[in-house]
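Trainee: Assemble the complex: chain A is given as a structure, and chain B must be docked to it using the hints.
Number of protein chains: 2
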Amino acid sequence: MGIIRRKDLEVSRNPQRLDVQVRQMDLDVQWIVGFVDGEGCFHVRVNPHRQMAIGYQVLPEFTVVQHRRDVKVLYALKAYFDCGVVRVNHGDRMAYRVRSIHHLAERICPFFIKHSLKTSKSIDFLKFRDVVLLCQSGDHLKEEGLLKIQRIASQMNRGRTR
Amino acid sequence: MGIIRRKDLEVSRNPQRLDVQVRQMDLDVQWIVGFVDGEGCFHVRVNPHRQMAIGYQVLPEFTVVQHRRDVKVLYALKAYFDCGVVRVNHGDRMAYRVRSIHHLAERICPFFIKHSLKTSKSIDFLKFRDVVLLCQSGDHLKEEGLLKIQRIASQMNRGRTR
Numbered sequence: 001m002g003i004i005r006r007k008d009l010e011v012s013r014n015p016q017r018l019d020v021q022v023r024q025m026d027l028d029v030q031w032i033v034g035f036v037d038g039e040g041c042f043h044v045r046v047n048p049h050r051q052m053a054i055g056y057q058v059l060p061e062f063t064v065v066q067h068r069r070d071v072k073v074l075y076a077l078k079a080y081f082d083c084g085v086v087r088v089n090h091g092d093r094m095a096y097r098v099r100s101i102h103h104l105a106e107r108i109c110p111f112f113i114k115h116s117l118k119t120s121k122s123i124d125f126l127k128f129r130d131v132v133l134l135c136q137s138g139d140h141l142k143e144e145g146l147l148k149i150q151r152i153a154s155q156m157n158r159g160r161t162r
Numbered sequence: 001m002g003i004i005r006r007k008d009l010e011v012s013r014n015p016q017r018l019d020v021q022v023r024q025m026d027l028d029v030q031w032i033v034g035f036v037d038g039e040g041c042f043h044v045r046v047n048p049h050r051q052m053a054i055g056y057q058v059l060p061e062f063t064v065v066q067h068r069r070d071v072k073v074l075y076a077l078k079a080y081f082d083c084g085v086v087r088v089n090h091g092d093r094m095a096y097r098v099r100s101i102h103h104l105a106e107r108i109c110p111f112f113i114k115h116s117l118k119t120s121k122s123i124d125f126l127k128f129r130d131v132v133l134l135c136q137s138g139d140h141l142k143e144e145g146l147l148k149i150q151r152i153a154s155q156m157n158r159g160r161t162r
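For the record, the sequence lines run as chains A and B. Counting from 1, one number per residue, gives the positions in the first sequence under the UniProt record's numbering. Counting from 1, one number per residue, gives the positions in the second sequence under the UniProt record's numbering.
Keep in mind that the hints are not guaranteed to be accurate.
One copy or two, it doesn't matter: identical chains are merged, so the pair holds either way.
[To be verified] With a straight-line cut-off of 20 Å between C-alpha atoms, the simulated SDA-like cross-links for lysine to any residue are:
(1) 72 - 120
(2) 114 - 30
(3) 114 - 27
(4) 114 - 28
(5) 72 - 106
(6) 148 - 69
(7) 121 - 38
(8) 72 - 90
To be clear, the hints were calculated from the coordinates, so they are not data collected in a lab.
Pulled out of the complex, with its shape left as it was, chain A reads as follows (with noise of 0.2 Å):
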């Protein structure tokens, strides 16, 4: 009994299962707009790393962030992109990231160009997708693409001027 218990368990916790779950979750494109002009961010790091031959790291990222209770909406966003991770962000927030440069490039800069955000996150996401562009094209491992990557990163959320 306790076997077929533990089956159960399984079958419900099957990842592929709570897929299909959030793939019901119908997402409107703007309704996805709408709710990351709300929730989303446009962030970009630069770290200093030892193993970079330039001595720095650049790391965008887009996330959105929600309490555990609304999950799902996280994995919907992912299914809805196709890319990205739903992560335990700190204590009962969740977060959906994707940092990858080719996801951040052929997927979400393209969707946020076709459709833009209302709020003056559409400033951030704008100089986001420069950084990614900057980074695509390879230019974050010179000397002169990383100075511009940190200019653009200093001006943008908390850095630019309200």
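Mentor: Leaving out everything else, chain B in the frame of chain A:
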């Protein structure tokens, strides 16, 4: 010259002109749902009130708060729903706020009944709507209705099981 300048100022600050500007921000129905899923709040306060025969005042309120740099989005919501006010919330944050029972019952609630929220905020909204309907029918002025409202309000937002 002074008078002419002042007149120009009046024209540029004319609320009608502002209305025209914000109406040009075309809010999609699903963008509103997504943005409210992220940033909206359905809240019910039950305050002691000496001048009310029953001793309490029921105050349902729909709010969306933003940094003042995005106040145009709040004015666009006000224009869309054609009700409510945009006011300073605290510090550099502004709020779009609807408190009128009539406007909540006739404009805000029907919108979110027709266009469902996708996060667990929908649970709060349905409780909020119950309170609005009780207020609309005058039940908040009777002991039984007030007790019902107090019970509902205690289960909303932070009060509900997570």
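Trainee: The structure should be examined with respect to each hint, and the outcome stated for every one.
Mentor: Hint-by-hint comparison with the structure:
1. Taking identical chains as interchangeable, the C-alpha atoms of residue 72 and residue 120 lie at most 20 Å apart only when they sit on different chains, with a minimum of 10 Å there against 27 Å within one chain.
2. Proximity of residue 114 to residue 30 under the C-alpha cut-off of 20 Å is found in both arrangements, the shortest distances being 11 Å within a copy and 16 Å between copies.
3. Both within a single protomer and between protomers do residue 114 and residue 27 lie at most 20 Å apart by alpha-carbon distance, with minima of 16 Å and 16 Å respectively.
4. In this homomeric assembly, residue 114 and residue 28 come within 20 Å of each other (Cα to Cα) both inside a single copy, at 14 Å, and across copies, at 15 Å.
5. For a Cα distance limit of 20 Å, the shortest separation of residue 72 from residue 106 qualifies neither inside one copy, at 24 Å, nor across copies, at 31 Å.
6. Proximity of residue 148 to residue 69 under the C-alpha cut-off of 20 Å is found in neither arrangement, the shortest distances being 40 Å within a copy and 26 Å between copies.
7. For a Cα distance limit of 20 Å, the shortest separation of residue 121 from residue 38 qualifies both inside one copy, at 9 Å, and across copies, at 14 Å.
8. Taking the shortest Cα distances, residue 72 and residue 90 sit within 20 Å of each other inside one copy (17 Å), while across copies they are farther apart (32 Å).
The earlier numbered hints that this structure contradicts are 5, 6.
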